[in-house]
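We have chain R already, so just place chain A on it with the hints.
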Amino acid sequence: MTAPMSNRTGRARRARVVEGVMKVVTGACVAMVIGAALFVLGKIIVAGLPGISLEFLFSKPGMGMRAGGIFPVIMGTLMLVTLTGVLVLPLGVMAGIYLSEYAPKNLMTRIVRLSIANMAGVPSIVYGLFGLAVFVLLMQIGKSLLASALTLTCLTLPVIITTTEEALRQIPADLRQAALALGATRWRAISKVVLPAAAPGIVTGSILGLSRAAGETAPILVTGAAFFLPKLPDSVTSQYMSLPYHLYVLATQVPNVPPEITWGTAFVLVVGVSIVSMFAAAWRSAQRKKVKW
Amino acid sequence: MSAVLEKAVMDVPFGSLEQVRSSASSVEAVSGSFALVDVSVAYGSEMVIEGVNMLVPSRAVTALIGPSGCGKSTLLRCLNRMNDEIGGVRVGGTITLDGLDIYQKGVDPVDLRTRVGQVFQRPNPFPMSIYDNVAFGPRTQGLRKREELDEIIESSLRDAALWEEVKNHLKKHAFELSGGQQQRLCIARALATKPEVLLMDEPASALDPISTQQIEDTIAELKNLVTIVIVTHNMQQAARISDQTAFMLRESMDQPAHLVEVGDTKRMFTNPEDKRTESYITGRFG
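Keeping their order, the protein sequence lines are chains R and A.
The letter at position 40 of the first sequence is residue 40 when you use our numbering, and the numbering goes up by one with no holes.
The letter at position 269 of the second sequence is residue 269 when you use our numbering, and the numbering goes up by one with no holes.
In case anyone wonders, no lab produced these hints; they're calculated from the structure.
A portion of the hints provided could be inaccurate.
Mimicking DSS-like on lysine-lysine, the simulated pairs with C-alpha atoms at most 25 Å apart in a straight line are [unchecked claim]:
1) R:192 x A:194
2) R:60 x R:192
3) R:192 x A:171
4) R:289 x A:172
5) R:192 x A:145
6) A:223 x A:167
Bound conformation, chain R alone (with noise of 0.2 Å):
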């Protein structure tokens, strides 16, 4: 009798040292993530902060970029981004719809979704470099704002359909049923209640893909950001700067730079990244608690 009950209570301890074992584990791998992403901030922040100042935002770069502000980096970069959501948004948005509401389920969607899996993971100079050969060469657009936001929006898109087919089927079967009930065709019934329902998920999804794409350095090196331009870009045919590769060149194509300029554009890229990132996060949090299904 008392071999198997000390066997088993011995089985029981082994577990509690298991469990609390684990926890410590998976708790320290948290830390550590957490600890970087912060580490990284952090010295962006306080090496870059100090070079922040209404004239570094809204000047000229000066004295061969060694001096003066960003202000045509930033603009390049907002023109950037702009011009791809308008390019990626309808495009992406309707496939998404088409995907979750539209798209018979048989081999041919199957592959099509695997397809769009796999285009999210190419790696983004593949994309700069299908972008140089395309849109830059083949179609003659030249290195501009118009090939590096159509190279973009081949980067972003797959992160955009999949955020919308995700956020649709968010949405009750019910609803879409309650709408064909009432004599609504598909397409009244997506724009007229699914889709004002998955807006929240759509449009959050939609601005951290885009986030992203402002980031991205090695499409744009190829497709048309420029190392240093006197004026702002006047057309979509024109070279621009832009934050990312501003950065590249301040860190390694410029010798004697000061660290508080290098700093102070990670400063502007990180922060406005996770500014938007996070109005973003909250808009959508603060959209689910009103409605809960």
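Positioned in the frame of chain R, the structure of chain A alone reads:
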């Protein structure tokens, strides 16, 4: 079309032939009556319902009863062609609404559904205001005039016995209503399309007893306005609210469900013709 109806009359195997004949002859006068002739439903290659013959009289409540999985809801969804929205469902036989074969070429299911509304098992209001919920159907049909919309919304909410509770809160989000109120809102929303028939798929099964009572009272009022076909699990409910009852049964998973008996509710519950009906309504199975 009268040939089909004639056949329906002749083939209806149960119930009072007199009643069936009178329904059939008055079809032209009163709208919103169905005739089902040899209706079958298949999911892919599996036959799930077979050989259903019955009439659904106008301005009356027809209850579909039977054990879970006997195809009541599937049969109900044939009447507004909601089964079309699920891939791989084939409907055989003939279903006519006031003489019109609803599965014939040229019948648009979208139009059909403005004549045959549906209320679902779980309340499913749209995530918008009470007003916009009820206005959805009329707006879908192109109605934009504010006064006309207001009028339809008030009368629909009155018919669904919800007006008094919400008349000062029409701008409120529909999700703020209780479950029972939401279901009555869904009824109002369906009524706003001015349907001739209202299909109800266990409309009270997700509700508490008081809300259930309110829904039943609403149904009793509504049958003066529309034909009602209701699927219910609740035998007492069928006995309380329906004029005609149809009992469906799927006797084994190898064979399709069929209609065992259909007829006047009082007679069905007091003097069923079929042994299986008697066993079911007295609670011996299902």
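Taken at face value, is the distance from the CA of residue 167 of chain A to the CA of residue 223 of chain A at most 25 Å? holds, 24 Å
Please work out if residue 192 of chain R and residue 194 of chain A have their alpha carbons no farther apart than 25 Å. holds, 20 Å
Starting from residue 60 of chain R, check that the Cα of residue 192 of chain R is at most 25 Å away, please. Judged against 25 Å, a Cα distance of about 47 Å means the pair is violated.
Has the given pair, residue 289 of chain R with residue 172 of chain A, been kept, meaning a C-alpha gap of at most 25 Å? holds, 16 Å
Regarding the pair residue 192 of chain R and residue 145 of chain A, is the alpha-carbon distance no greater than 25 Å? Holds, at about 18 Å.
Given the hinted pair residue 192 of chain R and residue 171 of chain A, is their alpha-carbon gap at most 25 Å? OK: residue 192 of chain R and residue 171 of chain A at ~17 Å, within 25 Å.
Violated hint: 2 only; the structure is consistent with all others.
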